[in-house]
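Asks: In terms of my numbering, the sequence shown is residues 1231 to 1414.
These are calculated hints, taken from the structure and not from any lab test. Honestly, I wouldn't trust all of these hints.
Unchecked claim - Each pair of labels, with its calculated beta carbon distance range:
no., residue 1, residue 2, range
1, Ala1332, Ala1258, 24 to 30 Å
2, Glu1338, Leu1295, 28 to 34 Å
3, Arg1242, Arg1396, 32 to 38 Å
4, Gln1392, Ala1279, 40 to 46 Å
5, Val1376, Glu1251, 34 to 40 Å
6, Gly1329, Ala1255, 41 to 47 Å
7, Gly1329, Arg1396, 42 to 48 Å
8, Gly1303, Pro1375, 33 to 39 Å
9, Asp1270, Gly1377, 27 to 33 Å
Using N, Cα and C, we set each Cβ at its ideal position, and we do this for glycine too.
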Amino acid sequence: MGRLTLVTGGARSGKSRYAEELAAATGAPVVYVATMEATDEETAGRVAAHRARRPARWATVEEPLDLAGAVAGADVEATVLVECLATWCGNLFWRAGLGDDAPPGAWERLVEEAAAGARRLAAAARARAGATVVVTNEVGWGIVPVGRLTRYYRDALGLANQAIGREADAVVLVVAGRVLVLGS
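Full structure from sequences and hints, please.
Replies: This is how it looks when you write it as structure tokens:
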């Protein structure tokens, strides 16, 4: 059973860099599962910055939706780095196309889809021999958002984070570039 690590923190906290260092330190080949799609100039710049930071020998799999499939499809001995659960959750919401006026049942189904997808991701990671590192954002410490879309997104990502965190061998919080390993 492979080691699963969840790395969380706020925007620009240093979590991605820490996760990359963690993946490199395993000494195994690394498969980087990228969830962000370059849909405009800004996101294209962010994708390019992440690519430039990664070693050229790392394999990259661009997968905006099927994270469990991407992890299961990686070489079983490789270290897989999933970047990131928050973007993946956003992709689910974007493709669902729900607006603030969508019926509540539609939102709850989408939240459950995200939680179920995270459970599948955790299961795929645990089934591997190699390590898996999942990066995510911590979004539950702020105020309750006004818009329905943002409230349900926060709920979905929080439940997805919990699903991965429950199965993880380690959960790491990165704040201002500092690392705190959370106990069980």
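Asks: All the hints need checking, so say for each whether the structure fits it.
Replies: Results for each hint:
1. Ala1332 <-> Ala1258: 24 to 30 Å: This hint is violated: roughly 43 Å between Cβ atoms.
2. Glu1338 <-> Leu1295: 28 to 34 Å: Roughly 20 Å apart at Cβ, these two residues miss the hinted range, so it is violated.
3. Arg1242 <-> Arg1396: 32 to 38 Å: Distance hint for Arg1242, Arg1396 is violated at roughly 27 Å.
4. Gln1392 <-> Ala1279: 40 to 46 Å: Cβ of Gln1392 to Cβ of Ala1279: about 29 Å, so the range 40 to 46 Å is violated.
5. Val1376 <-> Glu1251: 34 to 40 Å: Since the Cβ atoms of Val1376 and Glu1251 sit about 37 Å apart, the hinted range of 34 to 40 Å holds.
6. Gly1329 <-> Ala1255: 41 to 47 Å: holds (44 Å)
7. Gly1329 <-> Arg1396: 42 to 48 Å: violated (32 Å)
8. Gly1303 <-> Pro1375: 33 to 39 Å: holds (35 Å)
9. Asp1270 <-> Gly1377: 27 to 33 Å: violated (21 Å)
Checked against the numbered hints given earlier, the structure breaks hints 1, 2, 3, 4, 7, 9 and satisfies all the rest.
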